[in-house]
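Participant: Here is how the chains run, residue by residue.
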Amino acid sequence: MELLAFGDTGWGDELFYATLMTIAVSITAILIGFFFALIFTPLKLSKSKFLNFIANSYTTIIRGVPELLVIYLFFFGGTGAVMFVASIFGYNEYIEINAFITGAFAIGIISGAYSTEVFRGAIQSIDKGQFEAANVLGLNKFSKFFKIILPQALRLAIPNLSNVWQITLKDTSLISVTGLVEIMRQSYIAAGSTRDPLFFYSFAAVLYLLLTFLSMKLINKLEVKYSRGY
Amino acid sequence: MDFELMVNSFPKLLNATLITLKLLSVSLIIGLFIGLFFAILRLNKNVFINRFAYGYSYIFRGTPLLVQIFIIYFGLGQIEYLRSTIFWVILKEPYWCAIIAFALNTGAYTSEILRSAFQTIKPGLIEAGKSLGISNKIIFYKIQIPIAIRQSLPAYGNEIILMMKGTSLASTVTLMDLTGVAKYIISTTFKPIEVFIVAGGIYLFMTFVIHNFVKFLEKKYSFNS
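Residue numbers (the numbering used here), protein chains in the order written: chain A, 2 to 231; chain B, 49 to 273.
Note that these hints are calculated values from the structure, not bench results.
Check before you lean on any hint, since a few could be wrong.
Below, computed lysine-lysine pairings styled on DSS-like, alpha-carbon distance capped at 30 Å [said to hold, decoys possible]:
1) A:Lys-48 <-> B:Lys-263
2) A:Lys-48 <-> B:Lys-93
3) B:Lys-190 <-> B:Lys-178
4) A:Lys-50 <-> B:Lys-263
5) B:Lys-190 <-> B:Lys-267
6) B:Lys-93 <-> A:Lys-218
7) A:Lys-50 <-> B:Lys-267
Could you put the whole structure together from the sequences, leaning on the hints where they help?
Facilitator: Following this line, the structure appears as structure tokens:
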């Protein structure tokens with residue numbers, strides 16, 4: 002237990018901050034994912050074959066390639082890509098992107114592919130009559146989407162989005178390869194300096210279990226909230 | 049674009065794909081048995097057995113695969129007692145540690161897939177078997193298991209693909225699988241995009257083959273044919 006003490010003698014505070022880091026990365030990543038889903042879901046639902054093709058390539062590639070490989074691509078390729086874009090604008094100094102942004106972006110793109118599929122499924126399973134009724138009432142596109150479609154889609158999407166959240170949360174453990182000090186990385190450091198990997202990795206597992214457990218509780222509340230009309 | 053690098057790295061990556069496939073197939077086979085075992089425990093009416101099986105699947109589905117591999121590879125080696133037993137022959141090899149972690153992980157997901165498949169079997173089918181005087185054992189093996197397998201094929205197909213992606217974590221415990229070799233080439237040449245295209249292409253091809261194979265099985269064993 003003294004291994005987990007707060008302060009200089011134990012790893013308690015380090016692990017606590019690492020847990021906050023994991024939560025921060027997960028939330029950033031899933032928000033980036035929602036942003037991608039917001040772009041790609043309409044493309045998936047569009048009638049244009051070309052737009053469909055773009056969106057399908059995105060989801061197929063991301064869901065068919067290991068997360069770790071995507072993270073390596075961003076980790077080793079991210080700096081180069083940003084510097085290339087910067088050089089177009091005439092900035093040629095070395096730019097270092099921090100591990101948080103690289104990691105959140107990589108996981109976000111992965112999570113976005115899953116979210117896209119979830120939103121597509123949810124919108125497709127809304128009754129056609131709802132779209133027609135909105136049209137008949139003369140609602141503009143904006144209020145049709147935000148007042149009619151989205152609330153119903155969210156209700157259908159929340160159970161699946163909670164799966165996406167769990168996947169995203171667990172995927173953030175892979176960012177530890179880039180050196181971002183989240184739960185996995187901190188446990189690796191602690192295990193290395195105390196030579197007690199069994200304890201620290203088991204403790205990491207407990208922290209992840211706690212996070213998934215608590216987030217499930219929260220999501221269940223959301224689910225109740227969004228299905229109050231049913 | 050460095051096409052020469054892409055062409056040169058292709059055979060190396062293809063070679064590493066063999067290790068990925070080996071890891072995948074061995075852990076899937078072991079995982080299927082683990083999954084079936086725990087699915088049967090989940091259907092047991094005894095609360096303790098039931099809870100135990102639920103706890104197993106909850107823990108393995110609620111923690112990242114990376115943690116599981118690290119506990120098995122780095123953690124178990126720390127127990128002095130284990131080092132003196134016969135298990136040490138297996139546990140000192142990263143290859144077997146990865147397989148144990150993968151098998152336990154996919155076993156947890158498989159148990160959930162099979163459990164829900166068993167639970168969706170219409171009771172009428174089992175009752176029909178009983179009224180024909182078939183013993184419980186034969187009802188289980190000849191009626192419940194075949195229907196459950198058919199029922200769980202789509203979900204299990206997804207699980208195979210997820211597991212294929214999961215094997216990439218073997219590279220974190222020094223195994224040179226497809227991702228491991230890809231990372232090595234990237235970190236020596238600093239050409240991430242080229243290597244990603246080749247390695248990602250190989251993974252996508254495997255996904256494509258698995259996806260279509262499962263679809264073929266689904267069609268073959270569909271109830272309507």
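Participant: Each hint: holds or not?
Facilitator: Hint check results:
no. : hint                    : verdict
1   : A:Lys-48 <-> B:Lys-263  : holds (26 Å)
2   : A:Lys-48 <-> B:Lys-93   : violated (51 Å)
3   : B:Lys-190 <-> B:Lys-178 : holds (12 Å)
4   : A:Lys-50 <-> B:Lys-263  : holds (24 Å)
5   : B:Lys-190 <-> B:Lys-267 : holds (20 Å)
6   : B:Lys-93 <-> A:Lys-218  : holds (27 Å)
7   : A:Lys-50 <-> B:Lys-267  : holds (27 Å)
In the structure shown, a violation is registered for the earlier hint numbered 2 alone.
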